[in-house]
Amino acid sequence: MKFSYNWIRELVTGLETPPPDLMRLLTLKTCECESLEPVGAHFAQVVAARVLQVEPIGGSQNRKAVVDAGPLGRRIVVCGAPNCRPGLVTAYVPPGTVLLGQRIERRVIDGVESDGMLASGAELGMNRDHEGIVESAPAGCLPDFLIDVENKSLTHRPDLWGHHGMAREVAAITGNKLIEPANPSRIPQQQAPVSVSIQDFRLCPRYSALVFHNATVQPSPLWLQYRLQSIGLNPINNIVDVTNYVMAELGQPMHAFDQDKLSGATIFIRAAGEGERITALNGESYHLTPAALVIADSSGPIALAGVIGGLDSAIGELTTRIVLESACFHAASIRRTSSRLKLRTDASMRFEKSQDPMNTVRGLARALELLEIVSPGIRLVGGLADVAAPPQPSHAIELPLDWLIRKLGRPIDAAEVLRILESLEFGVCSRQPGLFSVSVPSWRATKDISIKDDLVEEVGRMVGYDTITPLAPVVPAAPPPDNPRRRFHHAVRRITAAQGYDEVYNYSFVSEQLARRFGFHPSAHVAVANPVSSEQGLLRVSLIPGIARNIEENSRHFDSFRIFEIGFEIHKRQDTLPDEIPHLVAAIYHRGQDAGPLFEGKRLAECLMPGCELSPAEPRLFEHPSRAAQVHWRGTPLGRLFEFHPSFVESRAVALDVDLELMQRLSPAEKRYQPILRFPASAFDLSVIAPQRALAGVLQQQIASLAGPRLHQISFLRLYEGPPLPDGAKSVSFRITLAAHDRTLSSEEVSAVRDAIIEGMRLLGYDIRI
Amino acid sequence: MLEAQLQSLAASARQRILASATPEQLQAVRVEVLGRKGALAQISKDMANVPPQDRARIGKLLNAAKTELEAALESRENEFAAQALHARLDSEWLDVTLPATGPRPGALHPITRIQQELEELFLSMGVAVLDGPEVESEYNNFDALNIPPDHPARDMQDTFWLTDGCCLRTHTSPVQVRGMAKLGPPLRMIAPGRVFRNEEVDPSHEHTFYQLEGMMVDRNISIAHMLYFMKTLLRRIFGCEVTVRLRPGYFPFVEPGFELDIQCLICGGSGCPVCKHGGWVELMPCGLVHPNVLRMGGIDPEQWSGFAFGLGLTRLVMMRYGIDDIRLLQSGDLRFLRQF
Chain A
1 MKFSYNWIRE LVTGLETPPP DLMRLLTLKT CECESLEPVG AHFAQVVAAR VLQVEPIGGS
61 QNRKAVVDAG PLGRRIVVCG APNCRPGLVT AYVPPGTVLL GQRIERRVID GVESDGMLAS
121 GAELGMNRDH EGIVESAPAG CLPDFLIDVE NKSLTHRPDL WGHHGMAREV AAITGNKLIE
181 PANPSRIPQQ QAPVSVSIQD FRLCPRYSAL VFHNATVQPS PLWLQYRLQS IGLNPINNIV
241 DVTNYVMAEL GQPMHAFDQD KLSGATIFIR AAGEGERITA LNGESYHLTP AALVIADSSG
301 PIALAGVIGG LDSAIGELTT RIVLESACFH AASIRRTSSR LKLRTDASMR FEKSQDPMNT
361 VRGLARALEL LEIVSPGIRL VGGLADVAAP PQPSHAIELP LDWLIRKLGR PIDAAEVLRI
421 LESLEFGVCS RQPGLFSVSV PSWRATKDIS IKDDLVEEVG RMVGYDTITP LAPVVPAAPP
481 PDNPRRRFHH AVRRITAAQG YDEVYNYSFV SEQLARRFGF HPSAHVAVAN PVSSEQGLLR
541 VSLIPGIARN IEENSRHFDS FRIFEIGFEI HKRQDTLPDE IPHLVAAIYH RGQDAGPLFE
601 GKRLAECLMP GCELSPAEPR LFEHPSRAAQ VHWRGTPLGR LFEFHPSFVE SRAVALDVDL
661 ELMQRLSPAE KRYQPILRFP ASAFDLSVIA PQRALAGVLQ QQIASLAGPR LHQISFLRLY
721 EGPPLPDGAK SVSFRITLAA HDRTLSSEEV SAVRDAIIEG MRLLGYDIRI
Chain X
1 MLEAQLQSLA ASARQRILAS ATPEQLQAVR VEVLGRKGAL AQISKDMANV PPQDRARIGK
61 LLNAAKTELE AALESRENEF AAQALHARLD SEWLDVTLPA TGPRPGALHP ITRIQQELEE
121 LFLSMGVAVL DGPEVESEYN NFDALNIPPD HPARDMQDTF WLTDGCCLRT HTSPVQVRGM
181 AKLGPPLRMI APGRVFRNEE VDPSHEHTFY QLEGMMVDRN ISIAHMLYFM KTLLRRIFGC
241 EVTVRLRPGY FPFVEPGFEL DIQCLICGGS GCPVCKHGGW VELMPCGLVH PNVLRMGGID
301 PEQWSGFAFG LGLTRLVMMR YGIDDIRLLQ SGDLRFLRQF
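Protein sequence lines correspond, in order, to chains A and X.
Numbering-wise (my numbering), the first sequence opens with residue 1 and increments by one.
Numbering-wise (my numbering), the second sequence opens with residue 1 and increments by one.
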């Protein structure tokens, strides 16, 4: 929202604070001012001029005009505007003036030296009119500064959506006096020519209106156009401009209807009928439901309450009789309607902040004054139509001084608190020392201020947060509650990174297309209802698609790499929040067609889960069908280790995907010491001749179970294929170590175990080489 | 006679030992002189012919020569061994400037690094580290934080809504709600984590980023306490004293609410492109916990009060490392990630 410095100055007596300082003060005490922009600097040079004489220039559209530029004397300019005519009073821009970033110079056009120029409204920054030069003197147009305020910082302040509200803050900050621009006593106490019927006071707490006759619809005076244009409101005609002016000044949105286009003399504020339609001022037609509130006459909707007016009842060039609406609507209802219709207007933005019902008549009073200026001869007919909900009883807020001091964390005396609250127009009385009873002004009472905590802010910001000295809180020295899961994840990160894996972060989203490609059915995912793009359509049920994309992209730059991610798989649950299961996915990529890095991945698994085992697993869509394994630890399957299917990743890439929740649960809580063997162990080697696809892990288990209780350790030694072994056979060698804790085993005992293993393995169908 | 023979033998053997150029030559001397069939053995045999009165003397001479020659041999052998070792070690020269073997250590993501650093800092200050889910209920993300339905503050955060009515959390603040329920007062907690806003992505906007929520609830917590805490935190984060200022900011879950700015660390407050020439950089929203939020967290606001803040971890990471494109953080691009 843009605020005009000049406008604020008009409303604050004797304000001398320069714009940059004012901006800083407002930022520190009221709202976030983002930038300061000078506008209309050229009005220091531009003067009114009367066109005296206009002559054509041969072979040119342009004409030569002689103007009387008042204090600047008689000037000759070249002008292309069709409306340049003798007698016209317009705006003259002398050479040296900067207009729209360009310096106007004295220069020869079509053989005539032009001493400056005559300017259009658009060139002067007053409106969007490029058609011709302005048709009146630029009186009342001055260089100004615009303070741009971040709208978010005004979310809770309906009163700051107009210059007068901001001026009130300025007056409170600088100690100057605030001027009240509206004078409701000018509205006569008479019967109103229209009546108002409000169906539901909750949705429309107040509706006020005035009727004017004998209006002339024409462009507004330039000063008014300039003021609206500067703050981003497009000048339209004098009547509409006045409604916008009042909105920008008092924060009260208004709307003008052409009375001759209304049916009947009653204005209804009611829920829209199912299927009712309205064509709005923007030319769009809207289908309504009873959730929308409309302003209607006896034949149908004439406006979408608080959002936009209807086209059929709009002010036109021939309008002479006007119904001027100034109302207050329920914030949430306006917000719902405007977001459902995707129609955010200057009015809806204000109403959804909870406007002050007390403001409606002020708005009308101010409009009355302005209409008399912009539409000479206009006549107010009758008195005020005003229907309002019974006023809400206002509760004073009890504010104990000692409580306030404890919240602020700095001392403050009662007089200072009183001064601050009164400068912001709070009503304060103190029946007993140290306790204020604070009544909230109507413009702060709709949503903003209702409890004593809200007053801490009022006092704090005005006294200045920079006057508060930081103070260490006194707290017991106690260790904080532990978060074992987070510690565990950090440990996994550390170990994985130490093994050479670089950490990546991927989005929690997958597209439907990507999910399908990896064989995950879209319906198994939690779906986003309003994604910005299809890339964010679903929440990931696996980290693999993200990692696969990382592999593909990084393989363009690196021949080999290791990456990992710790993130959450999000799995749908019925009637409750989804399960978010932490997973580790680590991947290794090597360009080329060598054996592949599966055992590098297995090494990481063993670093993380000492003693974990792999078993061949049914391959998933994206897994190499002969290189996919399930990872088991302490008897529980908790993940996968696999090589990517070549149609998913060219070259060799392996991924380890482990459920960290299970891994954490299976991690040994504590370690117990085992006594070191005191007696020598005995070891011997055995080679098992087995079919090529027999699993070494299974052979090892079989040997281990045959070895009996004396088995101390069994370890894989080597694998051999080739002559003299027959095709399709391999030799797997193990070292078996036997030991006892209480003695050295005799050679007979060792031989007996060895024989039992050989015998057992032969019975299982394996040949044994010794 | 034998004595002269012995002396000449010893002299020549001594000469040959010293002259031997290789361990093999030395070995030949040992065999010829000290071997079982060697010259000295021959002399011992010939001792039988020595007159008895000379035997003891010559025997002594013989032993002395033997001992001496053995010592000479051993010393020469040691020399050869030392030479051989030296030669071997010399031949084992390595170019120590070649790269290390094994995988290079991996890099932790910059957000992980800063997050862990902050977690350690807070743990040392007695603050618990809590987690919350990425998918939140509308109640926890909004209502329990004093943002009722149709509140315009809901527009402050573009929300990813899910088809089941839940949403992706738009801030880490719902963990305040969870934290109050879990810990009860008094409490000190932080909650770092991933949050989501439904926005188009460009160099300075992301739909996925990281925040760190902080909350302290105790008796009589004031703005002064909050300021102290924030300053301590920032001093540690930036490694230097930072000048902060509070200004009003609107967040429905705090009252009063603030934006905390720090004086620009690049220009020291005189104005530069980083601070958009304002001298101050907006760093984190904070405030005293709104009594409604305490109440909804089951805490009596008449008994307890607190402050809360939300630190933009992603912003902090970008400031710390001078990262100018937010998209890099979730790009998975190792050319970027390996720099950390």
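Keep in mind that the hints were calculated from the coordinates and are not lab data.
From the three backbone atoms N, C-alpha and C, an ideal C-beta is built for every residue, glycine too.
Watch out, some of these pointers could steer you wrong.
[What the hints assert, rightly or not] Mimicking EDC-like on lysine to aspartate or glutamate, the simulated pairs with C-alpha atoms at most 20 Å apart in a straight line are:
id, chain 1, residue 1, chain 2, residue 2
1, X, Lys276, A, Asp346
2, A, Lys452, X, Glu302
3, A, Lys572, X, Glu119
4, X, Lys231, A, Asp466
5, A, Lys152, A, Asp346
6, X, Lys276, A, Glu32
7, A, Lys152, X, Asp158
8, X, Lys276, A, Asp148
9, A, Lys452, A, Glu416
10, A, Lys152, X, Asp143
11, A, Lys152, X, Asp164
12, A, Lys152, X, Glu282
13, A, Lys342, X, Glu206
14, A, Lys152, X, Glu241
15, A, Lys152, X, Glu74
16, A, Lys29, A, Glu16
17, A, Lys2, A, Asp21
18, X, Lys276, A, Glu37
19, A, Lys447, X, Asp150
20, X, Lys231, X, Glu241
21, A, Lys447, X, Asp143
22, A, Lys572, X, Glu138
23, X, Lys276, A, Glu618
24, X, Lys60, X, Glu77
25, A, Lys29, A, Asp148
26, A, Lys342, X, Glu199
27, A, Lys342, A, Glu284
[Said to hold, decoys possible] If you anchor each label on the Cβ, the simulated ranges turn out as follows:
id, chain 1, residue 1, chain 2, residue 2, range
28, X, Glu200, A, His521, 49 to 55 Å
29, A, Ala396, X, Phe340, 34 to 40 Å
30, X, Leu94, A, Ser626, 38 to 44 Å
31, X, Leu94, A, Glu552, 53 to 59 Å
32, X, Tyr139, A, His521, 58 to 64 Å
33, A, Ser626, X, Ala82, 42 to 48 Å
34, X, Pro149, A, Ser626, 51 to 57 Å
35, X, Tyr139, A, Glu131, 55 to 61 Å
36, A, Pro20, X, Asp325, 31 to 37 Å
37, X, Ala181, A, Glu16, 52 to 58 Å
38, A, Arg769, X, Asn63, 56 to 62 Å
39, A, Gly273, X, Pro149, 23 to 29 Å
40, X, Thr22, A, Glu650, 55 to 61 Å
Taking the hints in turn, this is what the structure says about them:
1. X:Lys276 / A:Asp346: 28 Å, violated
2. A:Lys452 / X:Glu302: 11 Å, holds
3. A:Lys572 / X:Glu119: Judged against 20 Å, a Cα distance of about 30 Å means the pair is violated.
4. X:Lys231 / A:Asp466: 13 Å, holds
5. A:Lys152 / A:Asp346: With Cα atoms ~15 Å apart, Lys152 of chain A and Asp346 of chain A stay inside 20 Å; holds.
6. X:Lys276 / A:Glu32: 14 Å, holds
7. A:Lys152 / X:Asp158: The given pair, whose Cα atoms are some 13 Å apart, holds under the 20 Å limit.
8. X:Lys276 / A:Asp148: 14 Å, holds
9. A:Lys452 / A:Glu416: 17 Å, holds
10. A:Lys152 / X:Asp143: 19 Å, holds
11. A:Lys152 / X:Asp164: The hint is violated at about 29 Å.
12. A:Lys152 / X:Glu282: 14 Å, holds
13. A:Lys342 / X:Glu206: Roughly 23 Å separates the two Cα atoms, so the pair is violated.
14. A:Lys152 / X:Glu241: 30 Å, violated
15. A:Lys152 / X:Glu74: 94 Å, violated
16. A:Lys29 / A:Glu16: Distance of about 18 Å is within 20 Å: holds.
17. A:Lys2 / A:Asp21: This hinted pair holds, its Cα atoms lying about 17 Å apart.
18. X:Lys276 / A:Glu37: 14 Å, holds
19. A:Lys447 / X:Asp150: 13 Å, holds
20. X:Lys231 / X:Glu241: This hinted pair holds, its Cα atoms lying about 8 Å apart.
21. A:Lys447 / X:Asp143: Roughly 16 Å between the alpha carbons, so the hint for Lys447 of chain A and Asp143 of chain X holds.
22. A:Lys572 / X:Glu138: 17 Å, holds
23. X:Lys276 / A:Glu618: Violated. Lys276 of chain X to Glu618 of chain A sits at ~58 Å, over the 20 Å cutoff.
24. X:Lys60 / X:Glu77: Violated, at about 25 Å.
25. A:Lys29 / A:Asp148: Given that 20 Å is the threshold and the Cα spacing comes to 15 Å, the pair holds.
26. A:Lys342 / X:Glu199: Measuring from Cα to Cα gives roughly 17 Å; hence the hint holds.
27. A:Lys342 / A:Glu284: 12 Å, holds
28. X:Glu200 / A:His521: 49 to 55 Å: 29 Å, violated
29. A:Ala396 / X:Phe340: 34 to 40 Å: For Ala396 of chain A and Phe340 of chain X the Cβ distance comes to about 57 Å; the hint is violated.
30. X:Leu94 / A:Ser626: 38 to 44 Å: Between Leu94 of chain X and Ser626 of chain A, where Cβ atoms are some 41 Å apart, the hint holds.
31. X:Leu94 / A:Glu552: 53 to 59 Å: 38 Å, violated
32. X:Tyr139 / A:His521: 58 to 64 Å: Distance hint for Tyr139 of chain X, His521 of chain A is violated at roughly 30 Å.
33. A:Ser626 / X:Ala82: 42 to 48 Å: Roughly 57 Å apart at Cβ, these two residues miss the hinted range, so it is violated.
34. X:Pro149 / A:Ser626: 51 to 57 Å: 55 Å, holds
35. X:Tyr139 / A:Glu131: 55 to 61 Å: 56 Å, holds
36. A:Pro20 / X:Asp325: 31 to 37 Å: Check passed, 32 Å falls within 31 to 37 Å.
37. X:Ala181 / A:Glu16: 52 to 58 Å: The hint (52 to 58 Å, Cβ to Cβ) holds, given that Ala181 of chain X and Glu16 of chain A are roughly 54 Å apart.
38. A:Arg769 / X:Asn63: 56 to 62 Å: 57 Å, holds
39. A:Gly273 / X:Pro149: 23 to 29 Å: 25 Å, holds
40. X:Thr22 / A:Glu650: 55 to 61 Å: 59 Å, holds
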